[in-house]
Amino acid sequence: MRLTQSFLSNISVRNVSKSTTVHAVLLAYTVIALFPILIVIVNSFKDRKGIFRDPLALPTSDTFSMVGFEQVLLRSDFGLFAWNSIIVTVLAVGLVLLLGAMAAWALTEYRFRTNLLITFLFAMGIMIPIRLGTVSILRLMVELNLVNTLTSLVLVYIAQGLPLAVYILSEFVRTIPKELVEAARCDAVSEYRIFFSIILPLLKPAMATVAVFTMIPIWNDLWFPLILAPSEETRTITLGVQQFVGQYVTNWTSVLAALTMAIVPVLILYTIFSRQLIRGLTSGAVK
Amino acid sequence: MANLQLKNVQKRFGNVDVLHGIDLDIKDGEFVVLIGESGCGKSTLLRLLSGLEEISEGDLIIDDQRVNTAPPAKRGVAMVFQSYALYPHMNVYKNMAFGLKIAGQDKAFVKSKVTDAAKKLKIDHLLERLPRELSGGQRQRVAIGRAIVREPKVFLFDEPLSNLDASLRVQTRVELGKLHQELKATVIYVTHDQTEAMTLGDKIVVMNKGRIEQVGAPLELYHHPKTQFVAGFIGSPKMNFLSGKIHLQGTESTQVMLESGRIIVASVDSSHLHQGQTVTIGLRPEHFSRQCVDNILVGQVSLVEHLGEVSYLYMDLNGEGELVTKVDGDNDHRAGDELSFGIDPRKVYVFDEQGAALDRVKLQ
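Which chain is which? The protein sequence lines are A and B, in order.
If you read the first sequence in my numbering, its first letter stands for residue 1, the second for the next number, and so on.
If you read the second sequence in my numbering, its first letter stands for residue 1001, the second for the next number, and so on.
Bear in mind the hints are in silico, worked out from the structure with no lab data behind them.
Remember, it's a predicted structure, so these values are computed and weren't measured experimentally.
There's no promise every hint is true.
[Claimed, not checked] List of simulated lysine-lysine pairs, BS3-like, C-alpha gap at most 27 Å:
#1 K1027(B) with K1120(B)
#2 K1101(B) with K178(A)
#3 K178(A) with K1209(B)
#4 K1101(B) with K204(A)
#5 K1120(B) with K1184(B)
#6 K178(A) with K1153(B)
[Stated by the list, open to error] Covered by chain B, per the in silico footprint, the following chain A stretches (three or more residues, Cβ under 8 Å):
#7 173 to 183
#8 187 to 196
By construction, the Cβ of each residue, glycine as well, lies at the ideal position given by its N, Cα and C atoms.
Between the sequences and the hints, there should be enough to build the whole structure, so can you do that?
Structure follows, in structure tokens:
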């Protein structure tokens, strides 16, 4: 009896120590990942002297200052930049999801001659960074008269996000039981309706994953806004912030304040998508 | 409701022939069971009927119309899948109403249809639930309900009970039988379970390797199998097969010599065979009797299975092979016992080398 007890306690001790290790590792990672963000947020509430004297300190009554936020909101078009970023991100992510799901469905469900070729092209899209084509993209946009428009950014981001989206969504489409589609065909549901009424709702959790994957690089991108849409009206947040970074003097209070505010919209979008991530929808479809 | 005809229906996947020309007539209101081992083409045949797969050659005729190329819904067939295939994100009501909604029926009509079907299947209290909140049996009913509301000419069932547990399967089987009588619909039902086939079918189609072996009423298949395959397939436990040679041929009585030299007499017509030709005799486990003095077989019991009302004795026939006999449940036989059984010559089946059954002399 005592033996079993000690054996059992042994197991639980081992379990506890194991889960402690796991948690310690994850916690350490979280700290490392969050530390820079925290520093940015903390320092955005300090004045210039406070930032440089002790970057790691919390704002005190002496160093606390909202001057950065004031400058950003009053002396620049922060509202416009944020709006541009949101428009571009939402449109690009939305279209990547829709087109990606459609392509994934078509490539896995239907057999046609160019199927393999198209799949291969998407795979190439994952492997080759889109920035290698920047010069040609710029030329193309100039010819299309799309330079300094948000449309150019949306188009480029769709091209950037689509290959991975198609790849991930294809895997999920394959997990949808074939009988569901066949049952719908027996119900005389058109192929379009099958996609929109059955496949799309079942892909929701996967699409949330893809949305998060796609959204972050678009939101953070500096490259394409700088090249394709640097005009005052079409600047995105990341580009807008750059006006406080000077060649000789950088207005750190404003940069940090702008970055802090730039985190908020993306955090909201992430929360919306991540709620979808948790739901497992396919359970109960087939035994 | 509908008559259904298949004329030389063939199916190829690439270079592989799956169905080699199926001819079948199904009358209005019939409950037809397709049965066979897995891979025999029964599910493929069902999918051809449903329109989910294309027919490679031959004609499918429903109510005098060739519907080879018609899409599933236009054929007036509804399919119930083995895995139920309920739309997971729709509740029971929406699952059942989806087909009608797509067809553009008006809301009140759809509602009355769905509630009627739900009442019939006793799932009217579950209409708001999602499929994942239902038990296996309830999901099965919803799947059947989804087929019923469309009022199809022909119901297609693809092994609908094989995902249910044993007791529920029996219960659902009975309900399916009742439902068929109530709806008077034409049903084509695929299964590999011969109990389902025997109990539900008006007509059983036994399939083997892409061909129809025999079509007939359940008892006809049991009593008069045309081939060794059908004889072995229908009946539980399986028919015993012993190989031997024709010893004495005749039109009313045939003597077969087993490898050990023992003679078995059978009331079959073997006039077209000659002496010494290899044949297989078939003996059903339930036809053995300890009182019978004809065709005595002696052996040692190697295993006893008690099922309550009956027991199965697995016998080792001292060099003549093995066989199973079915005896009364109240017995005290044990492994190792030496027993002898007889069997009425009129209940002995004989099959030639190609597996075709020899005609049995009509019982007077």
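(request) Enumerate the violated hints, using their earlier numbering and listing them in ascending order. (result) Checked against the structure, no hint fails, so every one of them is satisfied.
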